[in-house]
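Residue numbers (our numbering), protein chains in the order written: chain P, 53 to 168; chain Y, 18 to 326.
The hints are simulated quantities; they were obtained by calculation from the structure and are not laboratory data. There could be a bad hint or two in this list.
Just a few of them, taken from the derived set where beta-carbon distance is under 7 Å, the chain Y residues facing chain P [unchecked claim]:
1) E46
2) L75
3) V88
Idealized CB from N, CA, C, for every residue including glycine.
In case you want the letters, here they are:
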Amino acid sequence: MHRSVRQQRIDKDLVAASAQALLLGILQKGPSYGYAIIQEVRELSGGELEWSEGMLYPVLHRMEDQDLIESFEERGENGRKRKYYRLRPDGRRALTEERRQWDVVHGALTKAWRTA
Amino acid sequence: MRDEIDEAIATYTHELQAEASLARADVVEIEDHLRSLIDELRAHQPLGVAIAQAKRRLGEPRALAREHARVSGSFGPPLSRWRAVSAVALLVPMLWSAFASMRPELTVQNLEIVTGLMLAVGLLSRRGWARPVMFAGAAFWVIPMSLVLYAYPEHTSPIWLVLHLGIVAFLAPWRRREVTQASVALALQVWAVASAMMVLGFQITTPDGGTEYVTPAAMVAMIAASKATVGGILRARWGALASLVSAATLAVSIYELQAFTFKFANAGAYQLVTFGMLASGVLASLAASVLLWRHARSAFGSLREVFAS
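Given only the sequences and the hints, what does the whole structure look like? Please build it.
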């Protein structure tokens with residue numbers, strides 16, 4: 053009997069939990085805007101992380117309210133005014149803490165699965 | 018082709034706005050994203066398919082609007098705790114002073130005290146509506162207060178003006194994202210309430226020793242504008258009608274006030290500012306009626322907005 057193992061999509065709770073860490077990481081490299089951020093997430097995850105694109109903005113706005121990031125407007129290459137986001141000092145500190153926490157989780161999982 | 022894209026984007030944002038009052042900057046951002054998606058997808062497929070797929074990828078507009086409203090609320094994002102506490106701290110001396118001169122009967126001043134207390138509670142519990150209401154209420158009085166301080170410096174303490182300016186500074190929407198259509202409508206309507214209250218300050222003594230309002234229409238205007246403010250908080254369509262009534266009665270009170278001659282020092286400047294503020298109240302109420310109608314959630318509104326942060 054042939055049994056195929058199908059890979060499931062990344063669980064949406066995991067996607068939501070990692071959103072802020074990913075956004076902080078992407079914006080650490082420089083200012084970016086919504087559409088480009090989505091493209092980068094897709095690229096970084098090899099297409100595995102599927103975000104509902106519109107839902108990115110409420111997350112960005114919440115981070116803006118928390119002073120982790122700030123927005124500014126600039127004209128894009130097509131001449132359209134576009135809203136960019138960049139990291140604020142609180143965002144850099146939050147990123148350091150996110151990295152520490154994700155490293156702990158990653159390390160723990162690696163050890164747990166190695167001994168299993 | 019461009020028309021078809023523009024039309025699709027307009028339909029999408031209309032559905033978005035029907036569910037929640039989003040800041041203009043947020044809508045522009047979503048429009049830009051949708052346009053970029055369509056541009057990317059139409060390189061590989063027919064335009065109609067590209068538009069449909071782009072909309073699907075961006076997400077169902079009503080769900081997206083609800084998510085935005087969860088973060089920002091209809092009246093803008095929640096005010097930070099320190100700004101809310103600072104504004105309330107500046108309100109306390111005003112409330113205290115009003116309490117000290119309170120009279121037992123029902124007066125406009127007593128209503129102001131009750132409103133002030135409600136606003137303080139609203140701000141401290143970070144209700145979205147409290148901010149535009151208090152901001153517009155404080156901002157309105159900065160102008161006549163400045164004039165009185167300028168005209169009668171020896172009889173006027175600058176402390177009240179400083180307190181009002183402080184409240185305005187703490188509550189002002191310094192970021193574009195903080196301004197939504199619903200919050201603008203509310204602020205405009207409160208401006209009209211304040212205009213009516215300003216005119217109610219003009220009273221005459223009757224032969225039997227009582228007092229009468231110089232412009233009785235201003236009382237109707239104040240009640241209508243207050244009701245419109247409540248309608249704005251509930252996001253009810255009837256709020257727009259009350260707003261129209263307040264605009265009309267404020268216009269009548271301008272007419273009534275014209276029959277009187279200002280005979281105190283600096284009367285010309287005072288008259289100019291009074292009529293200017295009244296006229297601004299009429300315009301604010303008219304603009305508010307349009308916004309309240311366009312952004313009402315339903316005919317009778319919902320208490321959900323009252324408790325939403």
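Each hint, compared with the structure:
1. E46: holds (5 Å)
2. L75: This hint holds: L75 of chain Y lies near chain P, its Cβ roughly 4 Å from the closest one there, short of 7 Å.
3. V88: holds (4 Å)
Taken one by one, the earlier hints all hold for this structure without exception.
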